[in-house]
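Chemist: All chains should be modelled from the sequences, with the hints used to inform the complete structure.
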Amino acid sequence: RFLPLLLVAALSMTTIASNGSNSNKNSNSNSNKNNNNDEYANRNGIIPSITIGFDVTNRAVEMPLIGAGTWQYNDTIAYQSVCQAFAAGYTFVDTAFAYGNQKGVGRAIRDCWQGSREELFVMTKIPGGLNATLVHATHQQNLFQLGLDYVDHLMTHFPADWAQTKASPRLRQDEWLALENIYNAGQARSIGVSHYCPRHLDDILQVATVQPSINQVEYHVGSQDIDHVIEKCQQEGITFMSFSPLCGPCEYDPVDSLIHGALVTEIGAKYGKSGSQVSLRYIVQQALTRDDGAATSDANANNAMGSVIPKSNNAKHIQSNREIFDFQLSDEDMERLHAATKPPPQAGDCNVP
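My numbering puts the first residue of the sequence shown at 1, with every later residue one more than the last.
Just so you know, not all the hints are guaranteed correct.
[As the list claims (entries may be wrong)] Within a straight-line C-alpha distance of at most 16 Å, the following computed EDC-like cross-link-like pairs (lysine to aspartate or glutamate) qualify:
#, residue 1, residue 2
1, Lys-103, Asp-75
2, Lys-166, Asp-203
3, Lys-342, Asp-225
4, Lys-342, Asp-253
5, Lys-103, Asp-174
6, Lys-270, Glu-332
7, Lys-342, Glu-251
8, Lys-166, Asp-349
9, Lys-270, Asp-326
10, Lys-342, Asp-256
11, Lys-270, Asp-331
[Unchecked claim] Listed next, with one range per pair, are the computed distances between beta-carbon atoms:
#, residue 1, residue 2, range
12, Pro-249, Lys-166, 18 to 26 Å
13, Ala-132, Arg-199, 35 to 43 Å
14, Ile-77, Asp-225, 27 to 35 Å
15, Phe-144, Asn-351, 29 to 37 Å
16, Lys-316, Pro-169, 43 to 51 Å
17, Leu-134, Thr-341, 35 to 43 Å
18, Thr-76, Glu-231, 37 to 45 Å
19, Thr-165, Thr-57, 34 to 42 Å
20, Asp-111, Gln-140, 17 to 25 Å
21, Ala-185, Asn-351, 41 to 49 Å
22, Gln-224, Ala-163, 23 to 31 Å
Worth flagging that the hints you see were computed from the coordinates, not collected in a lab. Where is the CB? At the ideal position from N, CA and C, for every residue including glycine.
Modeler: Below is the structure:
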């Protein structure tokens with residue numbers, strides 16, 4: 001049921017946004033227009049999406065604003081989780097070569113996905129610190145394990161290898177140019193990075209002919225823009241995407257929990273929503289605007305913000321996480337969440353040489 005790449009159409013639920021690229025960069029660059037407002041999406045049961053760029057055939061790449069995360073899941077749990085997410089209406093799954101679960105994700109796509117290939121958004125990653133040969137070989141493994149001919153987004157997972165023994169601007173540039181080759185071959189509809197700080201982005205932007213669509217970095221209530229990464233993404237037209245939106249790996253006092261903590265629970269009570277739904281809504285609301293195109297509040301005025309990818313293997317939690325598009329946080333509540341400083345983010349990525 002999967003169509004060849006050249007026949008892939010833009011998602012039928014979205015409106016194609018104008019291309020924000022310039023003459024020196026390929027049309028993969030991000031215009032980050034939201035294509036389904038909350039009212040329309042809730043009425044039609046559709047997850048809103050944003051345009052993160054254009055593929056090599058100049059078709060808009062639409063990323064749903066919520067996806068199914070799979071970090072720390074083995075093949076078996078990833079299969080169960082992704083199948084439950086598809087049953088709940090998710091159209092976006094996030095995985096990575098380093099997760100070691102792509103065979104499980106691929107089996108879930110084959111067994112449980114009921115739509116066409118072009119209606120599904122698949123994101124994966126290759127490790128940092130690879131040379132061009134290893135980049136291509138690793139992505140071939142990605143495609144083989146997932147059982148796909150292409151992915152919708154491919155990113156380099158870290159600005160170095162995990163041990164940081166292979167870390168330099170030149171290595172990042174070489175790896176980025178190898179990603180561009182994959183993009184130009186049609187094996188990834190968009191490309192990006194993860195864990196990159198502003199100077200890491202500058203390294204690849206010096207050589208890029210295909211601008212990064214996404215920079216995926218830890219972000220949640222309490223983290224704020226600690227390393228000015230969101231600011232940098234706004235300046236460069238790169239979608240900033242959150243990982244750990246509920247601060248799963250963080251250390252914090254129970255009162256500061258983004259699931260059951262005092263602040264998010266108090267705010268959630270106003271809307272009949274849980275603390276986790278408030279925490280997720282805080283992020284995606286920054287990517288949404290009103291019908292007239294105006295931002296809903298100063299805290300929302302972030303045209304760089306992208307999707308969230310919470311993970312769960314509990315069907316009720318998976319469904320609950322999806323139910324964040326039928327309410328809107330007030331300006332006052334957005335400002336309170338924006339001002340929060342706990343739970344704090346984990347530092348360290350900006351020390352990568």
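Chemist: Could you run down the list of hints and mark each one as holding or not?
Modeler: Hint by hint, here is what the structure shows:
Of the supplied pair hints, the one linking Lys-103 and Asp-75 holds, its CA atoms being roughly 6 Å apart against a limit of 16 Å. Between Lys-166 and Asp-203, the direct Cα distance comes to roughly 15 Å. Compliance with the 16 Å bound is thereby established for this hinted pair. Distance hint between Lys-342 and Asp-225 is fulfilled; the C-alpha atoms sit about 13 Å from each other, no more than 16 Å. Pair hint Lys-342 plus Asp-253 holds up; C-alpha atoms about 9 Å apart against a cutoff of 16 Å.
Between Lys-103 and Asp-174 the CA atoms are separated by roughly 28 Å; this puts the pair beyond 16 Å, and the hint is violated. Straight-line distance between C-alpha atoms of Lys-270 and Glu-332 comes to about 12 Å, which keeps the hinted pair within the 16 Å bound. Of the pairs offered as hints, the one joining Lys-342 and Glu-251 holds, with about 10 Å between alpha carbons and a cut-off of 16 Å not exceeded. For the hint linking Lys-166 to Asp-349, the alpha-carbon distance of about 14 Å falls within 16 Å, and the restraint holds.
For the proposed pair Lys-270 and Asp-326, the alpha carbon gap of about 14 Å is at most 16 Å, so the pair holds. Only pairs whose Cα atoms come within 16 Å are accepted, and Lys-342 paired with Asp-256 is accepted, the gap being roughly 6 Å. The hinted pair formed by Lys-270 and Asp-331 meets the criterion: a straight-line CA distance of about 13 Å does not exceed 16 Å. Between Pro-249 and Lys-166 the CB atoms are about 24 Å apart, so this pair conforms to the stated range of 18 to 26 Å.
Separated by about 22 Å at the C-beta atoms, Ala-132 and Arg-199 break the suggested range of 35 to 43 Å. Checked against the hint of 27 to 35 Å, the pair Ile-77 and Asp-225 passes, with Cβ atoms roughly 33 Å apart. Under the hint 29 to 37 Å, the C-beta atoms of Phe-144 and Asn-351, about 34 Å apart, fit the expected range. The beta-carbon spacing between Lys-316 and Pro-169, approximately 46 Å, falls within the hinted interval of 43 to 51 Å.
Our hint of 35 to 43 Å for Leu-134 and Thr-341 holds, since their Cβ atoms are close to 40 Å apart. The beta-carbon spacing between Thr-76 and Glu-231, approximately 41 Å, falls within the hinted interval of 37 to 45 Å. Taken as a hint, the range 34 to 42 Å holds for the pair Thr-165 and Thr-57, whose Cβ atoms sit roughly 38 Å apart. For Asp-111 and Gln-140, the hinted distance range of 17 to 25 Å is satisfied, since their beta carbons lie about 23 Å from each other.
Checking the proposed 41 to 49 Å range against Ala-185 and Asn-351 shows it is violated: the Cβ atoms sit about 34 Å from each other. The beta-carbon spacing between Gln-224 and Ala-163, approximately 29 Å, falls within the hinted interval of 23 to 31 Å.
Checked against the numbered hints given earlier, this structure breaks hints 5, 13, 21; the rest are met.
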